[in-house]
Amino acid sequence: MTNNTDDLAALWQTQEVQAIDVEKIQRELHMQRWKQRFYMLVDVLGPVPLALILYYQSDKLPLSALIITWATLIITVPFVIYFLWLRRHAAFTTAVDTQSHVNVLYRQVANNVKIAFYTKHSCWVSCVMLLLFFGGEIFKTLSASEEGLSLVRIAVWLGLGLVISFGCFIWARGRERKFRSRLEELAAIRSQLE
Amino acid sequence: MATDFAAILKEYNGLLSRVASGYEANEALRQELLQEIALAVWQGLQRFEQKSSLKTYILKIAHNRAVTHVATNARIPRSESFEEHEESSPSFTLNPEDNAAQDKQLRALLNIVRELPLPGRQVLTLSLEGLSYDEIADVCGLTTSHVGVLLKRTKAAVVERLNDDK
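As you go down the protein sequences, you meet chains A and B in turn. Under the working numbering, the first residue of the first sequence carries the number 1, and numbering increases by one thereafter. Under the working numbering, the first residue of the second sequence carries the number 1, and numbering increases by one thereafter.
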């Protein structure tokens, strides 16, 4: 039965067809469009709290906090522009050949591994920075040579900061593992295509 | 325009379903993959510039989405369970025994295809969909002569395994 191409093709064509749910796709597209707009809005609104703090509170902030806020704002703005650009381009599906697709996918996942790796390490660096910053404040409060923040406020901010940083660390570590396993699979696919 | 896309998806439903079945044995995941492929095709249709035939263009998107699916679900086993197997469309020209034999052969073919390395799998399934060497080369990013060699080798291996399974 299966000695020539026509037989094989005829057998292949006998497969039972699963139906595409077109309405579900239309709903999905609609939702994706709104999600995309929402993410863009979140990206744009990201630096707003920093700008508001600087506008309304700059004269009340200690110098160290003022420097950190300005530095964060300056770093954030180019990232927002970059993310908006990425989102605009990520929305398009392109029909390239499989080899190019796998290469692009490999580079994307490799970048995701890097991003997750740096995010993971930036989390514990944040913990160290928080401890240093609030350690300085505790020292100032206890020595009472300068007016510092109250110990309760320090404990709340420090605790909150550490919990958030630790949560981000766990999240980034999970993402790094997930992307690494995906990268391994893509490396295997790539080696088959070479 | 939106209704045109829906009509195109309906027209190519069988083709897309077979692409999904070449990559995924699990029925639920296969349905999920089919929806993902259809979504990608819909998005891709907005950028179709008629540089190739619509069928080739759709197959390019579909195979790329399926490859992404394989990489994303790397940890999920792709072998089918006993209870869960593909059935062929019952042929009214065949008697029940022949229908069962065809069903068995189709299952064997699908299992063999899913175990093939990606280039061989793509080249073979695209050929079974009636694409020319040039069109297959365009989808896969291979040279036409490479497609010819690969297809001949893959087909021979598949037929041999199918005959062994009989």
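Hints are computed from structural coordinates only; laboratory data are not their basis. Worth double-checking, as some hints may not be accurate.
Okay, derived cross-link-like pairs now, DSS-like style, lysine-lysine, Cα gap no bigger than 25 Å in a straight line [said to hold, decoys possible]:
no.: 1; chain 1: A; residue 1: K24; chain 2: B; residue 2: K152
no.: 2; chain 1: A; residue 1: K178; chain 2: A; residue 2: K35
no.: 3; chain 1: A; residue 1: K24; chain 2: B; residue 2: K10
(message) To test your reading of the hints: which numbers does this structure violate?
(response) Structure breaks hint 1 only.
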